[in-house]
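**Q** For the record, the sequence lines run as chains A, B, C and D.
Heads up: the first sequence at position 174 corresponds to 173 in numbering that gives the first Met the number 0, and the numbers run straight through without jumps.
Heads up: the second sequence at position 203 corresponds to 202 in numbering that gives the first Met the number 0, and the numbers run straight through without jumps.
Heads up: the third sequence at position 320 corresponds to 319 in numbering that gives the first Met the number 0, and the numbers run straight through without jumps.
Heads up: the fourth sequence at position 201 corresponds to 200 in numbering that gives the first Met the number 0, and the numbers run straight through without jumps.
Treat the hints with care, since some could be wrong.
The list treats identical chains as interchangeable, and a pair is accepted whether it falls inside one copy or across any two copies.
With a Cα cut of at most 25 Å, we get these calculated SDA-like pairs of lysine to any residue [as the list claims (entries may be wrong)]: (1) Lys40 x Pro186; (2) Lys185 x Ala272; (3) Lys185 x Ser45; (4) Lys134 x Ala87; (5) Lys40 x Val220; (6) Lys185 x Glu122; (7) Lys134 x Met0.
Simulated from the structure, these hints should not be mistaken for laboratory data.
Predicted, not measured: the structure shown is a model, and the values here were computed from it.
Protein chains: 4
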Amino acid sequence: MPVRCAIVGASGYTGVELVRLLDAHPAATLTHVSAESAAGKPLSASWSGLLGVDDRLVEPFDVGAIRAAADVVFLGLPHTVSARYAPALLDAGLTVIDLGADFRFRDAATYERAYGIVHPAPELCAEAVYGLVEKNRALLPGARLIAAPGCYPTATALAALPLVEAGLVDWLIADCVSGVSGAGRKPGPRNLYCEVQESVSAYSIAGAHRHRPEIEATLGVPVTFTPHLVPMVRGMVATVHVRPTRPVSLAELRAAYRERYAPHPLITVRDDAPPATADVRGTARAVVHVALDEALGVITAVCVIDNLGKGASGQAVQAMNVALGLPETAGLPRIPLLP
Amino acid sequence: MPVRCAIVGASGYTGVELVRLLDAHPAATLTHVSAESAAGKPLSASWSGLLGVDDRLVEPFDVGAIRAAADVVFLGLPHTVSARYAPALLDAGLTVIDLGADFRFRDAATYERAYGIVHPAPELCAEAVYGLVEKNRALLPGARLIAAPGCYPTATALAALPLVEAGLVDWLIADCVSGVSGAGRKPGPRNLYCEVQESVSAYSIAGAHRHRPEIEATLGVPVTFTPHLVPMVRGMVATVHVRPTRPVSLAELRAAYRERYAPHPLITVRDDAPPATADVRGTARAVVHVALDEALGVITAVCVIDNLGKGASGQAVQAMNVALGLPETAGLPRIPLLP
Amino acid sequence: MPVRCAIVGASGYTGVELVRLLDAHPAATLTHVSAESAAGKPLSASWSGLLGVDDRLVEPFDVGAIRAAADVVFLGLPHTVSARYAPALLDAGLTVIDLGADFRFRDAATYERAYGIVHPAPELCAEAVYGLVEKNRALLPGARLIAAPGCYPTATALAALPLVEAGLVDWLIADCVSGVSGAGRKPGPRNLYCEVQESVSAYSIAGAHRHRPEIEATLGVPVTFTPHLVPMVRGMVATVHVRPTRPVSLAELRAAYRERYAPHPLITVRDDAPPATADVRGTARAVVHVALDEALGVITAVCVIDNLGKGASGQAVQAMNVALGLPETAGLPRIPLLP
Amino acid sequence: MPVRCAIVGASGYTGVELVRLLDAHPAATLTHVSAESAAGKPLSASWSGLLGVDDRLVEPFDVGAIRAAADVVFLGLPHTVSARYAPALLDAGLTVIDLGADFRFRDAATYERAYGIVHPAPELCAEAVYGLVEKNRALLPGARLIAAPGCYPTATALAALPLVEAGLVDWLIADCVSGVSGAGRKPGPRNLYCEVQESVSAYSIAGAHRHRPEIEATLGVPVTFTPHLVPMVRGMVATVHVRPTRPVSLAELRAAYRERYAPHPLITVRDDAPPATADVRGTARAVVHVALDEALGVITAVCVIDNLGKGASGQAVQAMNVALGLPETAGLPRIPLLP
């Protein structure tokens, strides 16, 4: 019998990507959809691409209804709302996978500093598993509460993990670019067509972005993190630089990346050239490339993901698969939309 | 046992879309890939998104090898090349599905006028089935040679078929827009980024486009056809106008469209508003909308498709499914990539 | 002494384009800028591209201040707001050029039907000059109140005027595409990046768009008008079709277009191929092409403009130039931003 | 009498941008245009946006004809071609401004290593002035041979110059993004619409890009330089990071940037937030922002330019202005195309 899944918050970008992924999942089925603003209307009123394909009604949030319909619930909600909803959902026996930031930190204090708010359920932070499968695979089976990592932290961690774990890093520089879907569906200066198209900008620089503490918590090293917004819908590049704590050769680096990611089916290591975000569009895959500037002794590594795929909904499904003992890549598209 | 498929011409846009669709097809498997220019190299050298996912070698064109590996062969080739390859492939007992124009006309003379070339295999034209499933469903089962329709003819026909079949049309105006992937992968003035981005133009107007005779052959009425190129990768809109030969009501029109397309799982009829190409991106679906300007007595209908989906590779797979008795939508994504 | 100009409503797209054009105008100078929402802040807070170039403060709307500072006032305001502001500005002796729709109709009743609102100053409608210079050149010198035409009406009229004036048209089909800036700066479903990018849709079809009555009023023939939104910032194509009331040759048509537009410096007639919107980006120019499908006897003509140039602010400056006796093209860029 | 200018190589992106700038220049006039491939045809055959505006014929390259027509000649040519043409043009008494790389290095050996070719006129390298006005203003008046800097070196240098000159830098990390026009007009994998749209990639990383030696020569410090290609036509961001050699405060940094760029009219220093490339689109301006991560003691500075403006043709005109004693900003648009 397939795993029954609910989505709370299906009218946003991560929510509809979950709808798409679960629709094609061979071992899971979407049984319940709720969204505050859209309740009472068909899901296709929020997403016209679902018209004639998935015309079910969006329901109001109701723990009892979710419990009756589902085994697993994905939360695509604003910060603090997830943490307010989670306790009752867990008490009802559901597996909770949160796509927001509320449970990404083991201690609530770091979260509260980063987001400038009071955590509504700090007692759950220590239990939650940070769902970066390539780091926390062993912790996921049987987990009740999973925090899907942020998009920038995912891309940056995948670019840098082999370096950090080899003890090569005492300072990481991470310059990242993101497609506009990362700014969410709520209108604002960062997602109006005419102000984003044909323009690129850095933002929240010099440590101001909320993903910086998440990256540092994941990697355990200080990080200079600079996000940039670029005119595309989906896609993210993390370009990281390290002056290693000891000399290394390119051959060693390549071997370390290959070995590190060999057990992980969604990570491809590419030696010949840096990847492009189009290589992973619509998938939950990441492609990683490492290079060495021998003249300067500086390592540069690049990781590309789809910010809504491995950076959000795809990773959430991957984490569910691992948590429930399903095949890790079940329901996750292998091949990107090319071109 | 799954249907074994080959692709000849896998380095172009329609070819790689076939690779993507067949990879996820539950009842078909891609067993052989050839492409003239790319032979001897991995397919992922042409399409880096396949790296680590499908690294098979591209083979040179060889009828014997295709025959040994496959039951069905898809041709993604330049005009006249398909017609040169087809006879031997048919003689070898393969089902041939051509994505080019060589077999779209029942008589070679129309083809020769439209394309200004001599048809290399005119004797096959009468046998070939024009693979617009929603028109020729009954002709497909068991067909040996199928011509996948052009993108503009598909979108225009789906917008206008219910009107034409009701005898309402003596002149059809079809204004269409296409994404840039319709211009192919060979570099030219219509696919250079800096000359296409932030620009729209009509082209091949006043009857000059080669798809015009195909549209007229499909619909059997004179057509004023005007294509436009717009800055996006995938997507096509056909907007058609008709001054009907007798008065009709909007209710009648809507009923006619619903009834006409009810048996066809890939066509959605939408009443409330015209659809957007994003509603079908990456799918083989079409969404159709009909409206009536009561003041002028003019019918306007709109159809959106993905030019590489229902407009090319998706339709080719749909036609294969119907030809071989597989479920019609097998292997075809239901939900578009949103956003 | 340069003409002193004020802009009321400078925080929108047409407003900032006026700032750009007037900044480079050799015979006009921008002396006053007001905008309701942005008052009290520098104009560069609304438009960061002005930072360090034009950091003047935006003022609240005040007729006395405008009168003291300016001879001409451009209104970039929502519907009905222009008509509420105009009487006092005219009484103060200013020349008023409205970029909105309030004064585009000679009778208020048509406006009220089209826009579904009550006209706040119907007595001014008859006096206002519709500022399509290529049609109303003779009416502009000395005009007190000028209505800058809508973007779709401008492009459609320029495509069709020679045909209409030759008595060839009893029904015009106009399929138009617009860049997203035409949807304005107020966030909504038609200007969110992720929902517009890589998507095209028709909207307000079958006579529902408010520009349809304006086009019919300008051309005096019934029009089937269908607008489409395409993923670019600036640019508009009008593609019009006519089955002429009497047979014509292509040579006649070309001659008619050349002759019609010979006196008009901003209109280029191109014979060899349809133009692209990139050909006029950032300018107030239009390029027009006419073609004849001899098999069907159908005329197709195409006009491209920049919807913020000839379709709005550029045309407003052109109209001011003609109204005040300045050189018609003063301050208007000749060469588009290429690529 | 205006300065008479010639362009050799007007069919590329930098060439047509020069045509646009010189057309509006109050003290210069374009008197001669040549381009190898386009000779004998109107310039508007290469650039349809010039049709009806500048229909002059493109001439074959001829030193005598250029000498007769012009005082200054701009070269928009492939590498080594400029260096082959330059000696005769200089001998003829022309001022030569090269937009290519041939004269950007004071010693030919560095050029030869970076570009892997033999320099055809090494004797001219020492004489050529590197036309970064904000660095070499004093060297330009009267210069015979000017090398317009590369786009990446310009953006990176403007971001970092105040830090380098203050002795704060012993290692600079520069992550840059470029619009696609930087890849030129010759078709290739980096400028095909469908392969660039909706995709970002790093390329030529770990010291492999030819602009790296140019950046190091300009700044005199080792640089980790990583370029990225993003889906837009024009625009460039340089984001640079420095761990300063001594502690500095944000106030000191801001003061240093303001002071450094105060004499330079095309540079805007912005304190409140990082700029966007749209802020300078179509202009020759740069906007610079400096920030300090106090927790890590790391400086991040950002510079945006238009890669065809301050990054190429605009800077070439600026350099000409300074070289000839014209007002520095003559002919250079002040306000970007917004939105």
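**Q** Among the hints numbered above, which are violated by the structure, and what are their numbers in rising order?
**A** Going through the list in order, the structure violates hints 4, 5, 6, 7 and respects the others.
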